[in-house]
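Going down the list, the protein sequences come from chains H and W. Going by this note's numbering, the first residue of the first sequence is number 1, and it counts up by one from there. Going by this note's numbering, the first residue of the second sequence is number 120, and it counts up by one from there.
Careful, some of the hints might be misleading.
As the list claims (entries may be wrong) - Dumping the calculated DSS-like pairs for lysine-lysine here, alpha-carbon to alpha-carbon at most 27 Å:
#, chain 1, residue 1, chain 2, residue 2
1, W, Lys-124, H, Lys-57
2, W, Lys-224, H, Lys-57
3, H, Lys-11, W, Lys-224
Said to hold, decoys possible - Only some residues are given here: those of chain H computed to face chain W with a beta carbon under 7 Å:
#, residue
4, Tyr-33
5, Gln-41
6, Gly-42
7, Leu-43
8, Phe-45
9, Tyr-48
10, Asp-56
11, Leu-91
12, Gly-111
13, Gly-113
Stated by the list, open to error - Covered by chain H, per the in silico footprint, the following chain W stretches (three or more residues, Cβ under 8 Å):
#, stretch
14, 158–168
15, 218–230
Hints listed in this document are in silico derivations from the structure and should not be mistaken for laboratory results. Being a predicted model, the structure only gives us computed values, none of them experimental. Just so you know, even glycine gets a beta-carbon here, dropped at the ideal spot from N, CA and C.
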Amino acid sequence: GAGVSQSPSNKVTEKGKDVELRCDPISGHTALYWYRQSLGQGLEFLIYFQGNSAPDKSGLPSDRFSAERTGGSVSTLTIQRTQQEDSAVYLCASSTPRDRGSIAKNIQYFGAGTRLSVL
Amino acid sequence: DQQVKQNSPSLSVQEGRISILNCDYTNSMFDYFLWYKKYPAEGPTFLISISSIKDKNEDGRFTVFLNKSAKHLSLHIVPSQPGDSAVYFCAAASGGGADGLTFGKGTHLIIQP
Numbered sequence: 001g002a003g004v005s006q007s008p009s010n011k012v013t014e015k016g017k018d019v020e021l022r023c024d025p026i027s028g029h030t031a032l033y034w035y036r037q038s039l040g041q042g043l044e045f046l047i048y049f050q051g052n053s054a055p056d057k058s059g060l061p062s063d064r065f066s067a068e069r070t071g072g073s074v075s076t077l078t079i080q081r082t083q084q085e086d087s088a089v090y091l092c093a094s095s096t097p098r099d100r101g102s103i104a105k106n107i108q109y110f111g112a113g114t115r116l117s118v119l
Numbered sequence: 120d121q122q123v124k125q126n127s128p129s130l131s132v133q134e135g136r137i138s139i140l141n142c143d144y145t146n147s148m149f150d151y152f153l154w155y156k157k158y159p160a161e162g163p164t165f166l167i168s169i170s171s172i173k174d175k176n177e178d179g180r181f182t183v184f185l186n187k188s189a190k191h192l193s194l195h196i197v198p199s200q201p202g203d204s205a206v207y208f209c210a211a212a213s214g215g216g217a218d219g220l221t222f223g224k225g226t227h228l229i230i231q232p
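Whenever a hint applies, use it, and build me the whole structure from the sequences.
Right, dumping it as structure tokens:
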């Protein structure tokens, strides 16, 4: 497709269950980002991939959160043993790479998100 | 510890007038700033950006101003149109924006007819 695609669009789960969220970036975009937006909050950075590697995992809130990207394309964000505070909209974005240290445009294009509700 | 702050949760402006959305930041390492617009049930869409080597960037009805000494930026929309009603997020990055963005909490702009 033309844009960033995320699935599912909505996910309701029970506390303690594991969930997997999927992101399909724009074709040709090598950089991929995961954010989450809790109710009334701004977007919180979770993790960033350049190709298949994740140079920056600093935003993952706990070891229950993990993400992988294979083939330089699709990424999955996994939350194990979900808790009620994990309820949020999880957003994925992709961009084309720019040289780090150069002041240049790096526009991140976002998907519509996955709304996760943990009961 | 919020590094990007949008102190106005909402703003109401009459159609045709100027909308001014404000954003403050605390991290001196930020060198690239962006504004995103978000409609309900959609992802944020890029609006306009500015690098720290500039103090103004203009794109049609949208202008972003950056005051580095005050660590403040603003987005001006003129004239405001009904379709501009949305939540606007200010975002910042260091290293030219190659890493994750730091977002403010957003300002809900309402354009009144």
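Verification of the supplied hints:
1. Distance restraint check for Lys-124 of chain W and Lys-57 of chain H: the Cα-Cα separation of roughly 23 Å lies within the 27 Å cut-off, and the hinted pair is therefore satisfied.
2. Distance hint between Lys-224 of chain W and Lys-57 of chain H is fulfilled; the C-alpha atoms sit about 22 Å from each other, no more than 27 Å.
3. For the suggested pair Lys-11 of chain H and Lys-224 of chain W, the alpha carbons sit about 24 Å apart, so the restraint of at most 27 Å is met.
4. A least Cβ separation of about 6 Å between Tyr-33 of chain H and chain W falls short of the 7 Å threshold, and the interface hint therefore holds.
5. The interface hint given for Gln-41 of chain H holds, since its Cβ lies 6 Å from the closest Cβ of chain W, which is under the 7 Å cut-off.
6. At its closest, the beta carbon of Gly-42 of chain H sits 4 Å from a beta carbon of chain W; the interface hint therefore holds under the 7 Å criterion.
7. For the restraint placing Leu-43 of chain H at the interface with chain W, the shortest Cβ-Cβ distance is roughly 4 Å, inside the 7 Å limit, so the hint holds.
8. Contact between Phe-45 of chain H and chain W, as hinted, is supported at the beta carbon level, the nearest pair being about 4 Å apart and thus within 7 Å.
9. The closest approach between the C-beta of Tyr-48 of chain H and any C-beta of chain W is roughly 5 Å, which is under the 7 Å cut-off, so the hint is satisfied.
10. A hinted interface residue such as Asp-56 of chain H counts as satisfied when its beta carbon comes closer than 7 Å to some beta carbon of chain W; here the least separation is about 6 Å, so the hint holds.
11. Among the interface hints, the one on Leu-91 of chain H holds; its C-beta lies about 6 Å from the nearest C-beta in chain W, closer than the 7 Å criterion.
12. Restraint check, Gly-111 of chain H versus chain W: the minimum CB separation of about 5 Å is within 7 Å; hint holds.
13. Annotation: interface hint on Gly-113 of chain H holds; nearest CB of chain W at approximately 6 Å, less than 7 Å.
14. For the stretch 158–168 of chain W, the proposed coverage by chain H is satisfied: 7 residues have a C-beta within less than 8 Å of a C-beta in that chain, meeting the threshold of three.
15. Given a C-beta distance limit of less than 8 Å, the hint that chain H covers the stretch 218–230 of chain W holds, as 8 residues qualify and 3 suffice.
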